[in-house]
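*Asks:* Protein chains in written order, with my numbering: chain Z, -14 to 390; chain A, 5 to 382.
Honestly, the hints are just simulated from the structure, not real lab data. Mixed in with the good hints, there may be bad ones.
What the hints assert, rightly or not - Simulated restraints, written as ranges between beta carbons of each label pair:
1) Z:Pro389 / A:Val8: 51 to 59 Å
2) Z:Gln183 / A:Ala282: 44 to 52 Å
3) A:Gly181 / Z:Gln390: 53 to 61 Å
4) A:Asp47 / Z:Ser58: 28 to 36 Å
5) Z:Lys306 / A:Asp18: 37 to 45 Å
6) Z:Glu(-2) / A:Glu26: 52 to 60 Å
7) Z:Ile72 / A:Asp18: 41 to 49 Å
8) A:Asn232 / Z:Arg359: 51 to 59 Å
9) Z:Ser58 / A:Phe280: 56 to 64 Å
10) A:Val182 / Z:Glu1: 46 to 54 Å
11) A:Ile41 / Z:Asp387: 51 to 59 Å
As the list claims (entries may be wrong) - Below 27 Å or equal to it, Euclidean Cα-Cα: the simulated BS3-like pairs (lysine-lysine) are:
12) Z:Lys(-3) / Z:Lys108
13) Z:Lys73 / Z:Lys10
14) Z:Lys189 / Z:Lys132
15) Z:Lys192 / Z:Lys212
16) A:Lys196 / A:Lys21
17) A:Lys298 / Z:Lys306
18) A:Lys298 / Z:Lys283
19) A:Lys183 / Z:Lys274
20) Z:Lys99 / Z:Lys306
21) A:Lys298 / Z:Lys328
22) A:Lys298 / Z:Lys383
23) Z:Lys99 / Z:Lys212
24) Z:Lys63 / A:Lys298
25) Z:Lys383 / A:Lys268
26) Z:Lys299 / A:Lys298
27) A:Lys105 / Z:Lys170
28) A:Lys196 / A:Lys105
29) Z:Lys227 / A:Lys268
30) A:Lys146 / A:Lys112
31) A:Lys35 / A:Lys357
32) Z:Lys383 / A:Lys276
Since the model is a prediction, treat every value here as computed from it, not as a measurement. Where is the CB? At the ideal position from N, CA and C, for every residue including glycine.
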Amino acid sequence: MENLDQFRKETKEWLEENCPPEMRKPMGPGDVVWGGRNCKFPHPDAKLWLERMGEKGWTCPTWPKEYGGGGLSFDENKILQEELMAIKARPALSSFGIWMLGPALLEFASEEQKKKYIPEIVKGEIRWCQGYSEPGSGSDLASLKTKAEDNGDHFVVNGQKVWTSYADDCDMIFTLVRTGPQEPKHDGISFLLIDMDQPGVTTKPIKLISGKSPFCETFFDNAIVPKENLVSELNKGWNVAKRLLQHERNMIAGMGLGGAGSAKKKKDQIISSGMATMAKTYVGEDEGKLANPGLRQKIASFDINSHAFSLTMKRASEESKSSNSGPSPASSMFKYYGSESNKLRYELMLEAMGTKALGWEGEGFGPAELAITREWLRTKANSIEGGTSEVQLNIIAKRVLDLPQ
Amino acid sequence: MSLVLNEEQVFLKDSAKKFASEKTPTTHFRKVRDSEIENCYDDKIWQEMVSLGWTGILVPEEFGGSNFGVAGISSILEELGRTLTPSPLFSTAVVGVSLIKHASDDVKKEILSQVVQEGLRLSFAIEESNHHDPLRISCEAKKEGNNFIISGEKSFVIDGGFADKVIIACRTSGEEGVKDGLSLFVLDADAKGLNIMPTKMVDSRNAANMKLDNVEVSSDMLIGKEGNAYEIIESVLDISRAAISAEMLGSALQAYEITLDYLKEREQFGSKIGSFQALQHRAAVMFSELELCKSCVIESITSFDEGGNDSERLASLSKAKVGEVFHLISNESVQMHGGIGVTDEYDIGLYLKRARVAEQIFGDSNFHKNRYAELTGY
Chain Z
-14 MENLDQFRKE TKEWLEENCP PEMRKPMGPG DVVWGGRNCK FPHPDAKLWL
36 ERMGEKGWTC PTWPKEYGGG GLSFDENKIL QEELMAIKAR PALSSFGIWM
86 LGPALLEFAS EEQKKKYIPE IVKGEIRWCQ GYSEPGSGSD LASLKTKAED
136 NGDHFVVNGQ KVWTSYADDC DMIFTLVRTG PQEPKHDGIS FLLIDMDQPG
186 VTTKPIKLIS GKSPFCETFF DNAIVPKENL VSELNKGWNV AKRLLQHERN
236 MIAGMGLGGA GSAKKKKDQI ISSGMATMAK TYVGEDEGKL ANPGLRQKIA
286 SFDINSHAFS LTMKRASEES KSSNSGPSPA SSMFKYYGSE SNKLRYELML
336 EAMGTKALGW EGEGFGPAEL AITREWLRTK ANSIEGGTSE VQLNIIAKRV
386 LDLPQ
Chain A
5 MSLVLNEEQV FLKDSAKKFA SEKTPTTHFR KVRDSEIENC YDDKIWQEMV
55 SLGWTGILVP EEFGGSNFGV AGISSILEEL GRTLTPSPLF STAVVGVSLI
105 KHASDDVKKE ILSQVVQEGL RLSFAIEESN HHDPLRISCE AKKEGNNFII
155 SGEKSFVIDG GFADKVIIAC RTSGEEGVKD GLSLFVLDAD AKGLNIMPTK
205 MVDSRNAANM KLDNVEVSSD MLIGKEGNAY EIIESVLDIS RAAISAEMLG
255 SALQAYEITL DYLKEREQFG SKIGSFQALQ HRAAVMFSEL ELCKSCVIES
305 ITSFDEGGND SERLASLSKA KVGEVFHLIS NESVQMHGGI GVTDEYDIGL
355 YLKRARVAEQ IFGDSNFHKN RYAELTGY
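Let the hints inform the model, and build the full structure from the sequences given.
*Replies:* Below is the structure:
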């Protein structure tokens, strides 16, 4: 306990000294720092902040120190996160390397691979994207056809991936490829790390219903991949893939957080509901109550579920602290509930805002209103990406509840 | 507030689990239900609970209790909920004891020691209509010298049909709907003018309607200050709502597990019915909902003992969420059992009946959603 108090004190001091003032202001949509060879920083302070946090390993606080991580314990990380929140610090780095690839590499990669790739992720030097889905392989991911052929000291990769997030801005792609065409479908897949800076790899953005293009198609046309870029054994990639998906699901589940319950109540403070406060400005109030009783009831249900969900995320983290087991098939529950909840959040916002939430561009709508319209459309993918809600329910039924095949 | 139980609470939960499986499996519930026992529970079982110290869990040590807290008694109720164990434990050891703790030292000494040692049974008469509403009280107490004279009617008094003491919420001033003017009194069940009419509910437990016709009670039996009982009532109701949520969670978990087992054994169309996606997805949704319920209950039951300041909202969170999920599971369980689900021979229907009564205790999901919204500022 004494050590933790000391850690909190030192952390506070370090953050006070090293977190630039600009990085304590609320973030706009373009302010996320994704890292990478061509990293765009919204402000010079963002670069400084990433360098300092990366040097300390605090972009990945619990990863081992030997690979550049922070080496913090569960409790120390909790303190770090609390102190970051206390000064409203922006995340120094956001990346699929941190959320998805890194944890899988730490579990499955060779020593050489860890030494090479983990520090780059921690410092934000390389930006990664995910090459999983294909046009013919969505929910049935294991039917994927992109093939990698053995050509001596390297593989030659041909095929197409789809829904590769931000592929047009990324440096490397972690990819599932077929290396054993004769094997049963789950046993012929390998996990390859592919450098995108080569003529054999091209990307094309996909325009979504939101009007934005966060996803791409990625084409492999005789792409060259050195043998040392194979993670785990040949044809054993499905195990890595599944594990990584659990990390991805936890990440998407986090989007379901927020709402009246997730804020920790301090003494005498009155917790308010973000949704209800917002709704009041659009539908008005009647003696403190949201004026539309039907909407009020729906928001109360939403807030209650959201509160219960955030408590459950916390409980799972408390429970995993002792067992140190990482994500489990139960992460499908979080993915399912979190993404459904996030979709509902935006549907309720639309309901509260009425036609104000239905603007596309131009006059008559505020920037925040226009952003909500677009984000509402974006949330429709939440229950599809990382495995559909239906796939999550299948996983719960089979792996958690052990129901018959 | 913690999201995991401590050692003491785990110990209580384990002993209750053993008790329920050895002494009060659902066959016990059926035996009591189908017997001539009017009060709907077995006195011998009640005395065993008393000797295990369960009635003293919320009682301070100076009055002979163990003071193991709301999380302790709730953990026991969760396990008893699994087998639908009938007993006046909730009405006595949770609701009654929590109310008496606000009484004078003399009353505390006298009543609490009897609860702990002999299993004196308490009940709380608050409701006056078919929906929970702690402000809708018109039962009236008039002061006369050193006494009060109480007249009015009460309904849905849980375990009220066979209690030894009745704690009654009434008005010493003010009118229906206002917080000021509410007072609490401890009455003997055989007090003159107190007419108790036991009602057997659909879950085969007893509640009671009561008619008070000029019942005389000494002002010594007043709990708290005259006209100022509202806060006491609300705080005791919140403890009780959290605790009954724990019992409901236990029942919901058991109904769910019984159903899961059935999905794994019943065959139709040449396959186990649990292999059908139409049923798998519903089972998976219920699993997720139950995980949320577990978190609400543990956060809520530990908030009282750890001095949290969000207990009111957490109690409503629990009662609203668990009520809704127990409702869902009780319906789905019967449906997934098919024809045998509606037979008396199978236990699953017993959980459906219990669910509806428990949902009503101290506020259903609609009541608590509304209250949660109010406490959250909308």
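*Asks:* Does each hint hold? Answer for all of them.
*Replies:* Here is what the structure says about each hint:
With their beta carbons about 32 Å apart, proline 389 of chain Z and valine 8 of chain A fall outside the hinted range of 51 to 59 Å. Between glutamine 183 of chain Z and alanine 282 of chain A the CB atoms are about 48 Å apart, so this pair conforms to the stated range of 44 to 52 Å. At about 58 Å, the CB distance of glycine 181 of chain A to glutamine 390 of chain Z agrees with the hint of 53 to 61 Å. Remark: the range hint 28 to 36 Å for aspartate 47 of chain A to serine 58 of chain Z is contradicted by a beta-carbon distance near 53 Å.
A beta carbon spacing of about 22 Å between lysine 306 of chain Z and aspartate 18 of chain A contradicts the range 37 to 45 Å that was offered as a hint. Range check, glutamate -2 of chain Z to glutamate 26 of chain A: Cβ separation about 58 Å, and the 52 to 60 Å hint holds. The given range of 41 to 49 Å is respected by isoleucine 72 of chain Z and aspartate 18 of chain A, whose C-beta atoms sit roughly 44 Å from each other. Separation of asparagine 232 of chain A from arginine 359 of chain Z is about 54 Å and conforms to the stated range, judged on CB atoms against 51 to 59 Å.
Range check, serine 58 of chain Z to phenylalanine 280 of chain A: about 45 Å between beta-carbon atoms, so the 56 to 64 Å window is missed. Taking 46 to 54 Å as the suggested C-beta distance range, the pair valine 182 of chain A and glutamate 1 of chain Z conforms, at roughly 52 Å. The hinted window of 51 to 59 Å between isoleucine 41 of chain A and aspartate 387 of chain Z is violated, with their beta carbons roughly 40 Å apart. For the given pair, lysine -3 of chain Z sits about 22 Å from lysine 108 of chain Z by alpha-carbon distance, which is consistent with the 27 Å threshold.
Straight-line distance between C-alpha atoms of lysine 73 of chain Z and lysine 10 of chain Z comes to about 7 Å, which keeps the hinted pair within the 27 Å bound. About 20 Å separates the Cα atoms of lysine 189 of chain Z and lysine 132 of chain Z, which keeps this hinted pair within 27 Å; it holds. A threshold of 27 Å between alpha carbons decides the hint, and for lysine 192 of chain Z with lysine 212 of chain Z the separation of about 35 Å lies outside it, so the pair is violated. In summary, the hint linking lysine 196 of chain A to lysine 21 of chain A is not supported, as the alpha carbons are separated by about 41 Å, beyond the 27 Å threshold.
Taking the CA atoms of lysine 298 of chain A and lysine 306 of chain Z, the gap is near 18 Å; set against the 27 Å cutoff, the hint holds. Among the hinted pairs, lysine 298 of chain A with lysine 283 of chain Z is consistent with the structure: their alpha-carbon atoms are about 22 Å apart, no more than 27 Å. Between the alpha carbons of lysine 183 of chain A and lysine 274 of chain Z the distance comes to roughly 19 Å, so the proposed pair stays at or under 27 Å and holds. Between lysine 99 of chain Z and lysine 306 of chain Z the alpha-carbon distance is near 24 Å, which keeps this suggested pair within the 27 Å criterion.
Among the hinted pairs, lysine 298 of chain A with lysine 328 of chain Z is consistent with the structure: their alpha-carbon atoms are about 24 Å apart, no more than 27 Å. With a CA separation close to 22 Å, the supplied pair lysine 298 of chain A and lysine 383 of chain Z stays within the 27 Å bound. Our distance criterion of 27 Å between C-alpha atoms is met by lysine 99 of chain Z and lysine 212 of chain Z, whose separation comes to about 15 Å. A distance of roughly 23 Å separates the Cα atoms of lysine 63 of chain Z and lysine 298 of chain A; the hinted pair therefore holds under the 27 Å criterion.
Distance check on the hinted pair: lysine 383 of chain Z and lysine 268 of chain A sit about 11 Å apart at the alpha-carbon level, within 27 Å; holds. The straight-line distance between the Cα atoms of lysine 299 of chain Z and lysine 298 of chain A is roughly 12 Å, inside the 27 Å bound, and the hint therefore holds. Among the hinted pairs, lysine 105 of chain A with lysine 170 of chain Z is inconsistent with the structure: their alpha-carbon atoms are about 67 Å apart, more than 27 Å. The straight-line distance between the Cα atoms of lysine 196 of chain A and lysine 105 of chain A is roughly 25 Å, inside the 27 Å bound, and the hint therefore holds.
Distance restraint check for lysine 227 of chain Z and lysine 268 of chain A: the Cα-Cα separation of roughly 26 Å lies within the 27 Å cut-off, and the hinted pair is therefore satisfied. Distance restraint check for lysine 146 of chain A and lysine 112 of chain A: the Cα-Cα separation of roughly 24 Å lies within the 27 Å cut-off, and the hinted pair is therefore satisfied. Between lysine 35 of chain A and lysine 357 of chain A the alpha-carbon distance is near 17 Å, which keeps this suggested pair within the 27 Å criterion. For the hint linking lysine 383 of chain Z to lysine 276 of chain A, the alpha-carbon distance of about 13 Å falls within 27 Å, and the restraint holds.
Checked against the numbered hints given earlier, the structure breaks hints 1, 4, 5, 9, 11, 15, 16, 27 and satisfies all the rest.
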